[in-house]
Amino acid sequence: MERQSDYLEMTLPAKPQYVGIARLTVSGLANRLGFSYDDIEDIKIAVAEACTNVVNHAYEETGNMNLSCNVFEDRVEMVVADTGQSFVLEELDQNLGPVDSKKPIDELKEGGLGLFLIDTLMDKVEISGENGVAISMTKFLQRDEVENNVDGVSTETNAQEQK
Amino acid sequence: MNLSTEVIEKADKKKILRVAGEVDAYTAPELKANLNPLTEEEGVEVIVDLTDVSYIDSTGLGIFIGALKSAENHGATLRLTGLNERVKRLFTITGLDEVITIDDENTEEAK
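So the protein lines, in turn, are chains P and A.
Using UniProt numbering, read the first sequence as starting at 1 and increasing by one per residue.
Using UniProt numbering, read the second sequence as starting at 1 and increasing by one per residue.
To be clear, the hints were calculated from the coordinates, so they are not data collected in a lab.
The reader is advised that the hints may include incorrect statements.
[As the list claims (entries may be wrong)] Pairwise CB distance ranges (calculated):
(1) 104(A) x 100(P): 19 to 25 Å
(2) 126(P) x 20(A): 24 to 30 Å
(3) 75(A) x 130(P): 26 to 32 Å
(4) 61(P) x 6(A): 20 to 26 Å
(5) 130(P) x 52(A): 14 to 20 Å
(6) 33(A) x 142(P): 37 to 43 Å
(7) 75(A) x 128(P): 43 to 49 Å
(8) 104(P) x 33(A): 44 to 50 Å
(9) 68(P) x 42(A): 49 to 55 Å
(10) 62(P) x 12(A): 45 to 51 Å
(11) 68(P) x 12(A): 52 to 58 Å
(12) 20(A) x 142(P): 18 to 24 Å
(13) 10(A) x 96(P): 37 to 43 Å
(14) 96(P) x 73(A): 24 to 30 Å
Even for Gly, the Cβ is constructed at its ideal location relative to N, Cα and C.
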């Protein structure tokens with residue numbers, strides 16, 4: 001159907017100090033693939049958010065997170081997966097949204113913005129969970145000949161950004 | 001992947017926290033440890049200078065939400081200054097710019 005050019009994968013301990021390593025890796029990859037400065041920053045944030053979720057929620061004690069990247073001609077697809085308890089999955093969809101400025105400050109939550117950011121910054125996002133949670137994030141290379149309209153979780157937000 | 005912070009006391013009731021580096025899951029606890037105590041004094045104006053912050057994600061945003069709450073509870077104020085475009089963008093996307101006071105440009109005090 002289509003030629004997949006490259007695949008890379010790494011396994012990291014699910015600890016805060018390794019989130020930056022995942023971020024640096026995708027930053028280097030996106031840079032090599034020719035993504036714009038802004039897109040590279042978006043990719044760094046999205047992958048860091050996914051890894052941070054693993055660090056904070058996946059394991060009661062220790063575990064690993066797996067980062068894999070599929071490089072296609074027109075896009076990169078990054079998956080951050082864990083093998084922990086996928087309890088977060090049920091809570092995921094409910095609170096995707098920006099901060100509500102009408103709420104009293106005391107009621108603002110200090111977490112929960114990570115998935116919203118992933119959803120906003122990436123072109124296509126899929127979350128699955130059987131043995132752990134896997135977040136798949138796709139970012140398209142912005143070239144004129146590339147068709148960007150794919151059905152994703154966040155088509156509305158991203159459709160605006162891509163114009 | 002490092003963070004450094006420095007507190008500058010400008011006047012009795014004005015404190016500037018200068019932050020430099022990257023704010024993520026690893027460095028956020030350090031930011032929190034340095035920022036929150038500043039917000040726990042009544043009437044104090046806390047200014048966080050993010051001029052040298054190159055990266056921030058939701059963990060960092062969460063620290064500022066926490067600091068804002070703390071400031072509110074203690075009768076202090078919190079203001080962010082010096083945000084680069086990328087950092088500012090995250091505050092805008094998440095709607096936090098509607099909740100937290102953010103300077104458009106560096107204030108004189110923070111320079």
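Each hint tested on the structure:
no.: 1; hint: 104(A) x 100(P): 19 to 25 Å; result: holds, 23 Å
no.: 2; hint: 126(P) x 20(A): 24 to 30 Å; result: violated, 36 Å
no.: 3; hint: 75(A) x 130(P): 26 to 32 Å; result: violated, 50 Å
no.: 4; hint: 61(P) x 6(A): 20 to 26 Å; result: violated, 36 Å
no.: 5; hint: 130(P) x 52(A): 14 to 20 Å; result: violated, 43 Å
no.: 6; hint: 33(A) x 142(P): 37 to 43 Å; result: holds, 40 Å
no.: 7; hint: 75(A) x 128(P): 43 to 49 Å; result: holds, 47 Å
no.: 8; hint: 104(P) x 33(A): 44 to 50 Å; result: violated, 26 Å
no.: 9; hint: 68(P) x 42(A): 49 to 55 Å; result: holds, 51 Å
no.: 10; hint: 62(P) x 12(A): 45 to 51 Å; result: holds, 47 Å
no.: 11; hint: 68(P) x 12(A): 52 to 58 Å; result: holds, 54 Å
no.: 12; hint: 20(A) x 142(P): 18 to 24 Å; result: violated, 31 Å
no.: 13; hint: 10(A) x 96(P): 37 to 43 Å; result: holds, 40 Å
no.: 14; hint: 96(P) x 73(A): 24 to 30 Å; result: holds, 28 Å
Hint violations for this structure: numbers 2, 3, 4, 5, 8 and 12, all remaining hints satisfied.
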